[in-house]
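The listed protein sequences derive, respectively, from chains A and B.
Quick note: the first sequence uses this note's numbering, first residue 1, plus one each step.
Quick note: the second sequence uses this note's numbering, first residue 269, plus one each step.
By construction, these hints were calculated from the structure, which means they are not laboratory data.
Some clues are possibly wrong.
These stretches of chain B come out as covered by chain A in the derived footprint (C-beta under 8 Å, 3 or more residues) [claimed, not checked]:
1) 383-393
2) 511-523
Which residues of chain B face chain A? A few of them, derived with a C-beta cut under 10 Å, are [as the list claims (entries may be wrong)]:
3) Pro292
4) Leu305
5) Val373
6) His440
7) Gly469
8) Leu508
We put the CB at the ideal spot given by N, CA and C, even for glycine.
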Amino acid sequence: MKGGWLRGYAYAYLIFLYAPILLLPLFAFNQGTVIAFPLTGFTTQWFAELATIGELHDSVITSLMVALTSAVLATTLGTFASLASIRYGFPGQRPVMAFIMLPLVLPEIIVAVALLVVILRLGLDTGVWAVIAGHTLICTPFAIAILNSAFAALDGSLEEAAYDLGETPFATFRLITLPLVMPGIISALLISFTISMDEFIIAFFLTGSDPTLPVYLWSMLRFPQRLPAVMALGTILVVLSVLLLTVAEYFRRRGVRRSGGRDSGGFL
Amino acid sequence: MSDGARLNFWPGGERATGLALITPPALYALFLLAAPLAAIVVVSFWTQTGIRDFDTTFTLNSYREALSDPLYRQLMGRSLAIAGAVTLATVILAFPIAYFISFHVPAQRKSLWIFMITIPFWTSYLIRVFLWKVILGYNGVLNSGLQVAGIIEEPLSFILYNANAVVITLAHAYAPFAILPIYVALEKIDRSLLEAAQDLGESALRAFWRVTLPLAMPGVVAAVLIVFIPTIGDYVTPRLVGGPGGLMIANMIQTQFLRLNDAPMGAALAVLAMLIVGACALIFVALNARFLRGRGR
């Protein structure tokens, strides 16, 4: 069969990709307090333990707040940038867009220390607001990448038709453009939210006294007796992010279908 | 896009509208990215005298120390070596996957494959890295499994809390970053070119070497850059699975900033790391351009 060995390799690669995640539930429901084989028996006590850790709940609330705000800010900035570059064009477009997209390849620790230096120099205190500022910066390029494909797939003649039929530019945007790119916007929001929820190093440098979920998780990793609970928490997080991504993928595909484009797959 | 009149929210034509729209994101990047990056460079020439106090006289002391102290040189060299190894492993392992999805998976199943490859990447980074520690560790899944199976008697030491463990974990973490750009480049290849090559008597292997690979090169270059540049600044993986011999430059930058209170030293290390990475990236892009020219007779 053509591509037979390639197919075998592809399945082996998928096992490599999924190996760590498949182990999570095994240890989350395992009675043993050490994260190792052999498994000793089924329990749900680690999930119950999660409910008793107050700081964990606080960190989840902090993270949700940070992720929601960053996602809205990044998607708004991303919509502006995407509209400007895909629909209109402006002088100096290539260097300006390249700079806005830079955080995509810049190591996060560089962004983190750069913001820390400025905050310290300005005599400000680190805190949740600083994490939001940093996360907005790194989420915006992802939002732009998603929104660019949404705006590029949009048929400009629909807007022109509305315009020619007497709608004002703003009404045209609200009635024609926005509904057509809405799936892209929702998908950009969800991806930015997921990135912010998971981001560790910027939050680690800038969070101050209110840790986000990954920062609190990092501190849990140092205590061996907390590790089974970490596995339970990880299981919940994996299930939630897979759900969120499936929703994002659904909207992305719907957007592609709605604007009549061909599905070429993938978020990036 | 058609040539008809496009919508203008702003008086003064399309470019004025574009300019007005790009202003907020551009200003945001200017104040929260350009200015802080400039600040790092400036601070790296200062001396720290207190928790928030600096002696702002220009000095090259931090750079001198960063370039002469064997500890920093070793960390920088190791970071480069690890990032290089991760890039090589990730891109070589990823290419066949991208090729398989682009050339052998039916069109309607392609986005499902891409989706399946991106899912693990979106789950908690910290927990994924921690699980590699569980897999590779002393009593880890791999070692205990192989011992139970009677294949080995002692735990495999070459993947135990060292640079190799860091490479394996990072190759896993950056897999989708390598697969996606290569896949996109492969998808763009006009299939009739390959048919033409084979009709003209090229073997499948020669057609791959002379047509597919050069056309896929932009994707490979993007993959190399997008894996190499961020991995050099990874903090979590060396801390969790690297052991003392697997620490990287980001760990030292963090120590300088948050523990030793020497922001200028941390800033100098960050600037040096970026300069070295930038130089490597440029050399790689130039070499690749030469390679493609040499082949494109």
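Status of each hint after checking the structure:
no.	hint	in the structure
1	383-393	holds (count 10)
2	511-523	holds (count 3)
3	Pro292	holds, 5 Å
4	Leu305	holds, 5 Å
5	Val373	holds, 9 Å
6	His440	holds, 7 Å
7	Gly469	violated, 20 Å
8	Leu508	holds, 7 Å
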